[in-house]
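As they're listed, the protein sequences go chains C and F. Read in the UniProt record's numbering, the first sequence has 66 at position 66, and its numbers run on one by one without any break. Read in the UniProt record's numbering, the second sequence has 87 at position 87, and its numbers run on one by one without any break.
Rather than coming from a laboratory, the hints here were simulated on the basis of the structure. Quick reminder that beta carbons are idealized off the backbone N, C-alpha and C, glycines included. Treat the hints with care, as some may be off.
[Claimed, not checked] Partial list, derived from the structure: chain C residues whose beta carbon lies under 7 Å from chain F:
#: 1; residue: S188
#: 2; residue: G192
#: 3; residue: K197
#: 4; residue: A200
#: 5; residue: A237
[Unchecked claim] So the derived label-pair ranges between C-beta atoms look like this:
#: 6; chain 1: C; residue 1: A116; chain 2: F; residue 2: V175; range: 30 to 36 Å
#: 7; chain 1: C; residue 1: A116; chain 2: F; residue 2: A215; range: 20 to 26 Å
#: 8; chain 1: F; residue 1: V57; chain 2: C; residue 2: N152; range: 17 to 23 Å
#: 9; chain 1: C; residue 1: H133; chain 2: F; residue 2: A32; range: 38 to 44 Å
Protein chains: 2
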Amino acid sequence: MNDSAATGPEKTVTACLVIIGNEILSGRTRDANLPFLAIELNKIGVRLMECRVIPDVEDVIVDTINAVRRRFDYVFTTGGIGPTHDDITADAIAKAFGVGISENAEAVDRLTRYYADPALFTAPRRRMARIPHGASLVDNPVSVAPGFRMENVFTFAGVPMIVEGMFHAMKHVLVGGRPLISRTIRCSQPEGFIAEKLGAVQDHHPDTEIGSYPAFRQGKPSVSLIVRGTDPAKVQAAIDDLLAALTTLDAEPEEIPVT
Amino acid sequence: MNDSAATGPEKTVTACLVIIGNEILSGRTRDANLPFLAIELNKIGVRLMECRVIPDVEDVIVDTINAVRRRFDYVFTTGGIGPTHDDITADAIAKAFGVGISENAEAVDRLTRYYADPALFTAPRRRMARIPHGASLVDNPVSVAPGFRMENVFTFAGVPMIVEGMFHAMKHVLVGGRPLISRTIRCSQPEGFIAEKLGAVQDHHPDTEIGSYPAFRQGKPSVSLIVRGTDPAKVQAAIDDLLAALTTLDAEPEEIPVT
């Protein structure tokens, strides 16, 4: 990082996650991909700005992809690229981009080698080699059946272990900005007591964003204050003012180390 | 339930959840409100059809609310109605509906009684009595500061304990259809082996929806098959066919009891 990078205008590189899955919307399965991708994307300077959870319905997938791919720098989808009848994501992405879909020779080759015995390479498994025309493959180091990239849209599987593998296999192609630094102060006074001074600290530090998150800890109200910004010095200055303000309020502020 | 209800055309009553919170998008906090609301809504026949996670940015909240409130029967928002500077949801909802916002007398009264000592009823806490004009209050049995209802949009706090309290306090006003029944079969063969027969069972049972969810259990692939439908007899018929098909595939199917 040099001085001009530290002080010049910054473009925020944005991402949207589209979680495709009735099992998430029914409450049966709790999504784990959003926190993983949010944290990993931020490490390379890409900010997750929105997430949509949608059902396995083709029209909804098509409309959602077309709405978000123009608004965000990167779009990631999870879910719906397996071998069963409810795996409709690849077809929906092809439809969203107005392109055809058919077996991709490289994908067939990878799956043929992986399943080795032709009896194991069933027709449904072969279906996982169908890739929208013009897409490039995203490697799957866990179970081989690839994801794919179509312009700025990356289509991953839904199983978290596979999402993690696919992300680490493709992340080098993402061009990010500066990562958001995030530091946390916890205090023992409730929001209603600290809100005015907190607002004043926020007003004095417009280049950082201070979030206030109440919770109950051992039955007592507690507040976590998160200071976010891309410039370490500005974040530090906001942290210093925040600690001073909270100390005058007997709020026992302490910084929580990043885990 | 009578015969005409069981056989007549069914309107699906739909809901959308809008999670307002940078802390979810950053990956810091894992949302717990989606699974809770999905399951509770379904009990009263309301289907969660979409969820959007958006940042604490007024324009984004306004645009999102106006996009979804016309498309779904009910909209629920979580987050951003506390006493701090980053709590902007109430103002954003008022803006989305094109109405003013000011202190609600009933809300002030509840908070005045709750905080009793005027020194505790700070200006930021009083801010939580600001309610969009025309909205009705949603009771908060946990910490009193109310949520509110504006037409088909219900605005809740973000803390899960408060969301649960608010939901149970207001759910009697929701008019649902028939709950979706959901039954789960787990089997020991991977998707690629069962996909064809599974697709055939789905084709024979168009009034049920069969989802296939792969996972790793003790390092081995395993599949959960979820059969969903509103008619118990049709769900049972699909379950019976599914068990028979999986048994012929040596997939050791077993029904997983609802927990």
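Just to be sure I understand the hint, the distance between the Cβ atoms of A116 (chain C) and V175 (chain F) should be within 30 to 36 Å; is that true here? violated, 56 Å
Given S188 (chain C) as an interface hint, is its Cβ closer than 7 Å to any Cβ of chain F? violated, 16 Å
A32 (chain F) and H133 (chain C) - C-beta distance against the hinted 38 to 44 Å: Holds - the Cβ-Cβ distance for H133 (chain C) and A32 (chain F), about 41 Å, lies within 38 to 44 Å.
Given A200 (chain C) as an interface hint, is the shortest Cβ-Cβ distance to chain F below 7 Å? violated, 9 Å
When the least beta-carbon distance from K197 (chain C) to chain F is tested against 7 Å, hint result: violated, 10 Å
Taking the CB of A116 (chain C) and the CB of A215 (chain F), does the distance hold inside 20 to 26 Å? holds, 24 Å
Cβ-Cβ distance between V57 (chain F) and N152 (chain C): within 17 to 23 Å? At 21 Å between Cβs, range holds.
For the hint on G192 (chain C), just tell me whether its beta-carbon gets within less than 7 Å of chain F. holds, 4 Å
Grab the minimum C-beta distance from A237 (chain C) to chain F and call the hint holds if it beats 7 Å, violated otherwise. Where the cut-off is 7 Å and the nearest Cβ of chain F is about 18 Å from A237 (chain C), the hint is violated.
Violated hints, listed in ascending order, are 1, 3, 4, 5 and 6; each of the other numbered hints is respected by the structure.
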